[in-house]
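There are 2 protein chains.
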Amino acid sequence: MPNGKSKSKKKELVFTRENSVGLVERQFAHFDAPLKLRSGGRLDNFTLAYETYGALNEDKSNVILICHALSGDSHVAGYYSDDPNEAPGWWDDAVGPGKMFDTNRYYVICSNVIGGCRGSTGPSSPAPDGKPFGLRFPVITISDMVEAQRHLMDRFGITKLFAIAGGSMGGMQALQWAVNYPERVENVLFIASTPLSSTQNIAFNEIGRQAIYADPNWRRGDYYDHPEKPDAGLAVARMIGHITYMSEYSLEKKFGRRLQNNTELAYTFDTEFAVESYLQHQGVKFVERFDANSYLYITKALDYYDVSDGYSTIYDALRKTNANFLVVSFSSDWLYTDKQARELVDPLRRLKKNVEYQRVKASFGHDSFLVEVETMTELVGGYLDRMWKRKQRPPKKNDDKKG
Amino acid sequence: MPNGKSKSKKKELVFTRENSVGLVERQFAHFDAPLKLRSGGRLDNFTLAYETYGALNEDKSNVILICHALSGDSHVAGYYSDDPNEAPGWWDDAVGPGKMFDTNRYYVICSNVIGGCRGSTGPSSPAPDGKPFGLRFPVITISDMVEAQRHLMDRFGITKLFAIAGGSMGGMQALQWAVNYPERVENVLFIASTPLSSTQNIAFNEIGRQAIYADPNWRRGDYYDHPEKPDAGLAVARMIGHITYMSEYSLEKKFGRRLQNNTELAYTFDTEFAVESYLQHQGVKFVERFDANSYLYITKALDYYDVSDGYSTIYDALRKTNANFLVVSFSSDWLYTDKQARELVDPLRRLKKNVEYQRVKASFGHDSFLVEVETMTELVGGYLDRMWKRKQRPPKKNDDKKG
Chain A
760 MPNGKSKSKK KELVFTRENS VGLVERQFAH FDAPLKLRSG GRLDNFTLAY
810 ETYGALNEDK SNVILICHAL SGDSHVAGYY SDDPNEAPGW WDDAVGPGKM
860 FDTNRYYVIC SNVIGGCRGS TGPSSPAPDG KPFGLRFPVI TISDMVEAQR
910 HLMDRFGITK LFAIAGGSMG GMQALQWAVN YPERVENVLF IASTPLSSTQ
960 NIAFNEIGRQ AIYADPNWRR GDYYDHPEKP DAGLAVARMI GHITYMSEYS
1010 LEKKFGRRLQ NNTELAYTFD TEFAVESYLQ HQGVKFVERF DANSYLYITK
1060 ALDYYDVSDG YSTIYDALRK TNANFLVVSF SSDWLYTDKQ ARELVDPLRR
1110 LKKNVEYQRV KASFGHDSFL VEVETMTELV GGYLDRMWKR KQRPPKKNDD
1160 KKG
Chain B
760 MPNGKSKSKK KELVFTRENS VGLVERQFAH FDAPLKLRSG GRLDNFTLAY
810 ETYGALNEDK SNVILICHAL SGDSHVAGYY SDDPNEAPGW WDDAVGPGKM
860 FDTNRYYVIC SNVIGGCRGS TGPSSPAPDG KPFGLRFPVI TISDMVEAQR
910 HLMDRFGITK LFAIAGGSMG GMQALQWAVN YPERVENVLF IASTPLSSTQ
960 NIAFNEIGRQ AIYADPNWRR GDYYDHPEKP DAGLAVARMI GHITYMSEYS
1010 LEKKFGRRLQ NNTELAYTFD TEFAVESYLQ HQGVKFVERF DANSYLYITK
1060 ALDYYDVSDG YSTIYDALRK TNANFLVVSF SSDWLYTDKQ ARELVDPLRR
1110 LKKNVEYQRV KASFGHDSFL VEVETMTELV GGYLDRMWKR KQRPPKKNDD
1160 KKG
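These protein sequence lines are chains A and B, in that order. Each step along the first sequence adds one to the number in the numbering used here, with nothing skipped, and position 356 is 1115. Each step along the second sequence adds one to the number in the numbering used here, with nothing skipped, and position 376 is 1135.
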């Protein structure tokens, strides 16, 4: 997942602690029911970490479920403490009073994916024998992430989601919700995502995994009891991922060929260029908060993703959906391209589904979905507003007759 | 450097052993003169490995110097043995009788770059103390590679190159020859290359280096006496490089989401998709023939590359060139893009230099320069033929007067 903190382009909208959701708390839901997995395997029980923002209305009709991307977590917005140096959640620009997911109106929920390392059950969690799962954790898919979230919604007594939204891997989950539970999803916001991982997507993920496998501290996933973790491999994996989140233009604009420490080239193996230092920093920062095995499991889930899985064609998968779709892609996103967005939009249109497609001209690559706050607020916030108002409108007489 | 063996698209031209240059031998030139380096450092003496094809004519006016890319070597064409399973040199389609670099007419030379590991002096060569240099080897630049080649040309008594040609890093060397030795270069063939490395180019190289640094067997470059080499890190670096040589389309076309071993997904950490197996294979094959330290040094040389180095602007650098330029870029090359080619073409044109620019519509990314044999034969072979004939033409009376 792109790093939400690198906001290179925020023009007039300035969000501060004052218009944030304020203090929030991570919560946990334990499920003693088994989670049946796409692979045929199962988890006997599991935990999801989640956060909520805003207030659930009486008929539970104002719920927006936000799904996070590869390296994200349940902490979408707000702060955990009063520490003025604390960074807010990863999409704080999007979730809050008056923001695109307006917490004055909507009740927003976000949970950490199954397989993750930020509070939900994953490879670093204890297995029945009390030791961390490691590679004994079953391989999971996007559909399994959705199934875990479905348990969470059941726990809340939420039978219908007003909207489900996600960028990148979050978009896959949103789409899969609409396929797996067509009666429970009113609107899907599918942002900078793809209905199936391309060969190049798989290739980049595999190189990241190879970097982790190559780290002797990885120990085939059994490193939790060792003081040395596969940090070096995970850092390289993160750098590989990170470069796919930025456009050539954003790298150029941000760093160019600027030197890091010197006014002249030093001709040594020390870091010469600012972009090198930046990537190293991304790697180092990431290993502080992420588990290498979770990185493996989640990238595998990405690779497996194909919405037509279990159906003979994508048409068969999409035919049963009942949701309205807003699909957003960014012109400079070379991870999940316009072309990939159209691989969802075209069949939806042919199936006469209600789909709106917005191709945003944006320079910042895949990261644009986090960076282009103003455009996103207009597009996504505006879409939700229209859909909300349509929903509130009393049915016309004609509609009554139809029924 | 792309791997010359993956020729996905060769239509009518079929090259076999019969129309190859046949058996060739790698030769070595030792220089006791010091090589002064851009960094201020020097090598007291050095060796270049090289090969030649065709015959040098009497006035030594038919020389084409071919410069290789990151992972290339002096073995451009032909075979070392009669073994029918032996693969030919890395650009065998290009060098031979009747081919784009027609050995019936031209004398073709290719030398392994300084810093390399394929016969020329590099970090794996013995330092004055008899032990391998390792990181004690000085940092080298594209200009240093050119300077080493210049010594080789002097040794041959070749004062003027009819042409100097290269794809990728080879193009940088060709361009730099024209800047450093304007009176010695008649034609520059600058193919799938860039006059300066972009931020993204540096970023990809740095991630590859980080993968090598992360390998504990790298031992800060001092691994030559150890049985374990930094193969795992180098393999990851190669995979990162390799993905930049292929377009999204070529990966899609070659592998799609095809599974490697099964008819159904296995949901395990074994290799599932064919593209994963392919990348792993590229990594494994590469470490058999390449030295990790050389990979570090040569990627550094790439990063440093900026033809305006030592001048205030690119115009000042190019103003002194006397060569004709053929610049070729490929529409799907996202490593060295059209835009980067134009960063050379535009200033050359403004300086009224003789430059021909060909943007080739091709699907195979950076690899296209090795794959698109027919197009390249027509463009590059045709260009050389015109230039050769112009050179043979007796000067017109008008030309005499001008003199």
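Hint data in this document are derived by calculation from the structure and do not stem from the laboratory. Since the structure is predicted, the reported quantities are computational estimates derived from the model, not experimental observations. Some hints could be false.
Each pair may be met inside one copy or between any two copies, as identical chains are not told apart.
Below are the DSSO-like pairs computed for lysine-lysine, each with C-alpha atoms no more than 30 Å apart in a straight line [claimed, not checked]:
#  : residue 1 : residue 2
1  : Lys988    : Lys1044
2  : Lys795    : Lys1111
3  : Lys919    : Lys988
4  : Lys1012   : Lys795
5  : Lys819    : Lys1013
6  : Lys819    : Lys919
7  : Lys1012   : Lys1148
8  : Lys1098   : Lys1155
9  : Lys988    : Lys1098
10 : Lys890    : Lys1012
11 : Lys1112   : Lys988
12 : Lys1098   : Lys1120
13 : Lys1155   : Lys1044
14 : Lys1044   : Lys890
15 : Lys1148   : Lys795
16 : Lys1150   : Lys1044
17 : Lys1012   : Lys988
18 : Lys890    : Lys1111
19 : Lys1155   : Lys1012
20 : Lys1120   : Lys1012
21 : Lys1013   : Lys1148
22 : Lys795    : Lys1150
23 : Lys1079   : Lys795
Do the hints match the structure? See the list:
1. For the homomeric pair Lys988 and Lys1044, the shortest alpha-carbon distances inside one copy (14 Å) and between copies (28 Å) are both at most 30 Å.
2. For a Cα distance limit of 30 Å, the shortest separation of Lys795 from Lys1111 qualifies neither inside one copy, at 33 Å, nor across copies, at 70 Å.
3. With identical chains, the CA atoms of Lys919 and Lys988 are never at most 30 Å apart, being 42 Å at best within one copy and 57 Å at best between copies.
4. In the homo-oligomer, the alpha carbons of Lys1012 and Lys795 never lie at most 30 Å apart, since the shortest distance is 47 Å inside one protomer and 35 Å across protomers.
5. For the identical chains of this complex, Lys819 and Lys1013 are neighbours neither inside a copy (44 Å) nor across copies (49 Å), given an alpha-carbon limit of 30 Å.
6. Within a single copy, Lys819 and Lys919 get their C-alpha atoms as close as 8 Å, which meets the 30 Å cut-off; across copies the closest is 82 Å, which misses it.
7. With identical chains, the CA atoms of Lys1012 and Lys1148 are never at most 30 Å apart, being 41 Å at best within one copy and 45 Å at best between copies.
8. Neither within a single protomer nor between protomers do Lys1098 and Lys1155 lie at most 30 Å apart by alpha-carbon distance, with minima of 38 Å and 56 Å respectively.
9. For a Cα distance limit of 30 Å, the shortest separation of Lys988 from Lys1098 qualifies neither inside one copy, at 39 Å, nor across copies, at 42 Å.
10. In the homo-oligomer, the alpha carbons of Lys890 and Lys1012 never lie at most 30 Å apart, since the shortest distance is 47 Å inside one protomer and 44 Å across protomers.
11. With identical chains, the CA atoms of Lys1112 and Lys988 are never at most 30 Å apart, being 48 Å at best within one copy and 57 Å at best between copies.
12. When the C-alpha separation of Lys1098 and Lys1120 is checked against a cutoff of 30 Å, the pair qualifies both within a copy, at 14 Å, and between copies, at 19 Å.
13. In this homomeric assembly, Lys1155 and Lys1044 never come within 30 Å of each other (Cα to Cα): the closest approach is 55 Å inside a single copy and 69 Å across copies.
14. In the homo-oligomer, the alpha carbons of Lys1044 and Lys890 lie at most 30 Å apart inside one protomer (27 Å), although the nearest pairing across protomers, at 38 Å, exceeds that limit.
15. Taking identical chains as interchangeable, the C-alpha atoms of Lys1148 and Lys795 are never at most 30 Å apart, the minima being 37 Å within one chain and 74 Å between chains.
16. When the C-alpha separation of Lys1150 and Lys1044 is checked against a cutoff of 30 Å, the pair qualifies neither within a copy, at 43 Å, nor between copies, at 60 Å.
17. With identical chains, the CA atoms of Lys1012 and Lys988 are never at most 30 Å apart, being 35 Å at best within one copy and 38 Å at best between copies.
18. Taking the closest pair of Cα atoms, Lys890 and Lys1111 never come within 30 Å of each other, the shortest separation being 51 Å inside a single copy and 72 Å across copies.
19. Taking CA atoms no more than 30 Å apart as the test, Lys1155 paired with Lys1012 passes in neither setting, with 53 Å inside one copy and 51 Å between copies.
20. In the homo-oligomer, the alpha carbons of Lys1120 and Lys1012 lie at most 30 Å apart both inside one protomer (17 Å) and across protomers (28 Å), since each shortest distance falls under that limit.
21. In this assembly of identical chains, Lys1013 and Lys1148 lie within 30 Å of each other by CA distance neither inside one copy nor across copies; the values are 41 Å within and 48 Å between.
22. Taking the shortest alpha-carbon separations for Lys795 and Lys1150, neither the intra-copy value of 34 Å nor the inter-copy value of 76 Å comes in at or below 30 Å.
23. With identical chains, the CA atoms of Lys1079 and Lys795 are at most 30 Å apart within one copy only, with a shortest distance of 22 Å there and 71 Å across copies.
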